[in-house]
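Okay, here's what each chain looks like letter by letter:
There are 2 protein chains.
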Amino acid sequence: MSILARFASRLPPVREEFHCTLGEGETPLLESRAVGKQLGLNKLFFKCEHQNPTGSYKDRFIALELSLLRQSGANIVVGTSSGNTGSSLSAFAARYGIPCHLFVCERTPAGKLLQMRAHGAHVYRVKDFCVTPEATAETMRTLDVSAKKFGTKPVISAFAFSPEGMKGVGTMAYEIARQMKPSHVFLPGGGCGLHVAVARGFLDSGTPCPRVHIVQPSLNDTVVTPLREGKDRARSVNSTTRISGLAVQQVYDGHDAIAAARATKGTGFLIEDEEAWHWQRELMSKEGIWVEPAGAVSVAGLKHAVDEGVVKPHETVVCMLTGHGFKDPASAAMAIKGEEPMIDGSDIPKVLGL
Amino acid sequence: MSILARFASRLPPVREEFHCTLGEGETPLLESRAVGKQLGLNKLFFKCEHQNPTGSYKDRFIALELSLLRQSGANIVVGTSSGNTGSSLSAFAARYGIPCHLFVCERTPAGKLLQMRAHGAHVYRVKDFCVTPEATAETMRTLDVSAKKFGTKPVISAFAFSPEGMKGVGTMAYEIARQMKPSHVFLPGGGCGLHVAVARGFLDSGTPCPRVHIVQPSLNDTVVTPLREGKDRARSVNSTTRISGLAVQQVYDGHDAIAAARATKGTGFLIEDEEAWHWQRELMSKEGIWVEPAGAVSVAGLKHAVDEGVVKPHETVVCMLTGHGFKDPASAAMAIKGEEPMIDGSDIPKVLGL
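For the protein sequence lines, the chains are Y and G, in the order given.
Last residue of the first sequence: number 354 in my numbering, and the count goes up by one each step with no gaps.
Last residue of the second sequence: number 354 in my numbering, and the count goes up by one each step with no gaps.
So here's chain Y without its partners, still in its complex pose (with noise of 0.2 Å):
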């Protein structure tokens, strides 16, 4: 069943012949078995979002985006990505037969453009976009104009561009609402869409609201530390983290992430890269779940904060997992060392040590 035929009542009106589904959410939630005890932690869960069709999180929003552009008329779909937002748009554009271009940033490497063009999208790599701040305003501009003239608007994954279909991103806490009553929900943030969804999910839901707190990269530092300060605005950065899809350094949702947070009494939390790919390890080698970075920046976001006594041992807290490993193997990869020996047969007690 669809996000939209579960969550009616909550979402924008979308008619029943205009509903996209692939099947999205009701993902697990998953009780940690090693992660929660390392932390001193007796009640910590994963929301595995990764599970959704396309991998990511991101197929609640087009889920609802592409139901509401269809209603709205829309014959073709434009948008830009940088991965998760892409290969859902593209998945969804395939399904209900609508053409899907997709200008993505000149450095996009090749291999996240795969799952893209599988499903017959139309991509092109833009000069200079994403790397220059002239080039980049420039593509968004001439997108918007675009789009217009096709009677359409881009599909972009942000509250600034798509809030109707973002409140899709909400159908998480709405779900976890109905399991649980969690006292700390820790998202990852690059533009923060996805908090400020999740976080207005639950002031939503009826239940007691969680602290939702933002873990962003200290090298994509938009929202957390003028959270922290006490301010009410975000602002743009020079990012240079290497966790894909949070290489944000644009204000988005920002201000509105930072009220968001303010309102669930949520805090945020800065991680270094590294802490990334260490806590990406371990829920690979200790919990069996496969994420890509950006996926385990809650759960290094989680460490800081246990470390700073806002999270207490015997609460109940949700890590949110975001995108899956395969969107990045080679950060699989890299936590291999060497190749696989070749054995003979009857060298298998050996190996096995009898």
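What the hints contain is simulated information worked out from the structure, not anything from laboratory work.
Don't take each hint at face value.
[To be verified] Covered by chain Y, according to a simulated footprint, are these stretches of chain G (three or more residues, beta-carbon under 8 Å):
| no. | stretch |
| --- | --- |
| 1 | 46-53 |
| 2 | 124-132 |
| 3 | 311-317 |
If you're wondering where the values come from, they're calculated on a predicted model, not measured in any experiment.
Ideal placement from N, C-alpha and C gives every residue a C-beta, glycine not left out.
Given the coordinates of chain Y, work out where chain G should sit on it, guided by the hints.
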């Protein structure tokens, strides 16, 4: 919730402290939008098993098998795999802190080993294993003897080796039966343990049993021709299919699969490797679903069944999609021609035809 908790009354008993889960099962049953119409069918559904935690239905097998092994006191697991079983076993073993040793075919490509090794399994390639019958037989024998010395047994996804654990795979039939009453179910067949599990699951589900069909590559025809010729015994073949995961030259569960197919009034269909790739591309480009080639084999078989008149337009049909496309990215890359163009931001209207 684990498949063990959801279907406890129908599975071998496991005490709760030994339950293993990664959030497997409850996969979407997604209605076709394009492929069904192409085939002249009104009610075609895809059971999206590729959305399981490690990307394949094998998680249902390993969840139960590892639970039973833990209950029996095993503190090490050993297994063989061409890919998906090994990925699943390594992930579950990591989560439950059990050392995992996997013995894989000499020619297993490096990419297929990444997921196993990322979860910390000890992976050994075995010289001539899966290449010469002598080396294969010796490896299996040595593995069995070695496992016994640890008080355990090899984990292999076939009723012939792991009959209790394979009942976990039947839970997908229980899930489908709760949602609808299909007339036909199509499954890919290698060793055919999947077919035995699902057919028995439907027979056991207490609802009208669909016809459960087997689809094999003609280059690995261990079961389909004997089944269609009215024989009771499968046969070993010289397998030359290039569909990864379905190259199983031994009989394994073949005799049981013939019996299970007959019990459900199901039959068999042979396809060429090219048909699997064709339907993989159709699923990607017209349904927004990214599966590995083996995952599209059920759809290729359905096409034959429609052409033969076995399936009628008004009947409800379920095709099992077994493994995620990320398992075999090279097969998706085959569908993509050329490089994405590099443009300037000001070129956007031009490429959109404005």
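Here's how the hints hold up against the structure:
1. 46-53: holds (count 4)
2. 124-132: Holds, because 6 residues of the stretch 124-132 of chain G bring their Cβ atoms closer than 8 Å to Cβ atoms of chain Y.
3. 311-317: Since 0 is below three, the answer is violated.
The structure shown violates just one earlier hint, number 3.
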